[in-house]
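**Q** Listed below, chain by chain, are the residues.
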Amino acid sequence: EAQVTQNPRYLITVTGKKLTVTCSQNMNHEYMSWYRQDPGLGLRQIYYSMNVEVTDKGDVPEGYKVSRKEKRNFPLILESPSPNQTSLYFCASSRHTGMNTEAFFGQGTRLTVV
Amino acid sequence: TQLLEQSPQFLSIQEGENLTVYCNSSSVFSSLQWYRQEPGEGPVLLVTVVTGGEVKKLKRLTFQFGDARKDSSLHITAAQPGDTGLYLCAGARAGGTSYGKLTFGQGTILTVHP
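Going down the list, the sequences are from chains A and B.
Mapped onto this note's numbering, the consecutive letters of the first sequence carry residue numbers 1 to 114.
Mapped onto this note's numbering, the consecutive letters of the second sequence carry residue numbers 1 to 114.
Quick caveat, the hints were computed from the structure, so don't treat them as lab data.
Don't take each hint at face value.
To be verified - Capping the alpha-carbon separation at 35 Å, the derived lysine-lysine pairs in DSBU-like fashion look like this:
no.	chain 1	residue 1	chain 2	residue 2
1	B	Lys57	B	Lys70
2	A	Lys57	A	Lys17
3	A	Lys17	B	Lys70
4	A	Lys18	A	Lys57
5	A	Lys69	A	Lys17
6	B	Lys56	A	Lys71
7	A	Lys57	A	Lys71
8	A	Lys65	B	Lys70
9	A	Lys18	A	Lys71
10	A	Lys57	B	Lys59
11	A	Lys57	B	Lys70
12	A	Lys18	A	Lys65
Make a model of the complete structure from these sequences and hints.
**A** Here you go:
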């Protein structure tokens with residue numbers, strides 16, 4: 001079954017304690033992204049990766065890091081989380097055919113930073 | 001800067017009514033997608049429109065892409081409680097540094113009452 005798996009689903013942490021949210025896809029997609037979803041703001045892209053070892057900033061990259069050492073995995077790292085990073089996070093992998101881009105999303109990680 | 005303006009943000013209707021959700025932008029997109037998201041889940045792709053003026057139907061849902069590829073609409077006929085959810089539009093651009101990047105609207109929360 002084609003899927004994007006992210007872990008954990010729920011996480012409560014304290015300010016400043018480094019954390020990693022993992023993301024894995026089994027569709028052999030080259031393009032992967034991280035988004036955060038906040039009420040009234042929709043989905044905003046944090047970082048994206050066009051292929052292994054190729055990553056770039058999205059619209060809201062401050063306070064986040066990513067890596068893409070393997071095609072299937074794209075972890076999101078918060079080196080020193082702060083309360084304003086409390087949000088719902090989604091990993092997505094994308095298929096591109098011609099002019100068309102279709103994204104497949106994980107189930108989300110609800111992060112609370114206290 | 002919100003490049004995709006989605007309206008309305010909230011919609012509460014009775015079962016059997018019709019509704020339309022709009023997605024507008026001043027930018028041209030190579031394709032536009034509509035996603036539906038249920039609580040506790042990631043967005044799931046409903047449809048992609050690529051050609052200006054294109055109309056696609058998915059059972060009671062009709063999607064239209066504007067002639068200039070700057071706007072789109074989602075029309076639901078005879079809404080049912082099962083249609084309840086968050087509807088998101090997303091535009092994609094092809095080529096250059098924006099290749100594969102999806103820009104999302106703020107979303108429309110639809111509630112259909114029995």
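**Q** Could you run down the list of hints and mark each one as holding or not?
**A** Against the structure, the hints:
no., hint, result
1, Lys57(B) to Lys70(B), "19 Å, holds"
2, Lys57(A) to Lys17(A), "23 Å, holds"
3, Lys17(A) to Lys70(B), "43 Å, violated"
4, Lys18(A) to Lys57(A), "20 Å, holds"
5, Lys69(A) to Lys17(A), "23 Å, holds"
6, Lys56(B) to Lys71(A), "33 Å, holds"
7, Lys57(A) to Lys71(A), "18 Å, holds"
8, Lys65(A) to Lys70(B), "32 Å, holds"
9, Lys18(A) to Lys71(A), "24 Å, holds"
10, Lys57(A) to Lys59(B), "38 Å, violated"
11, Lys57(A) to Lys70(B), "25 Å, holds"
12, Lys18(A) to Lys65(A), "11 Å, holds"
Hint violations for this structure: numbers 3, 10, all remaining hints satisfied.
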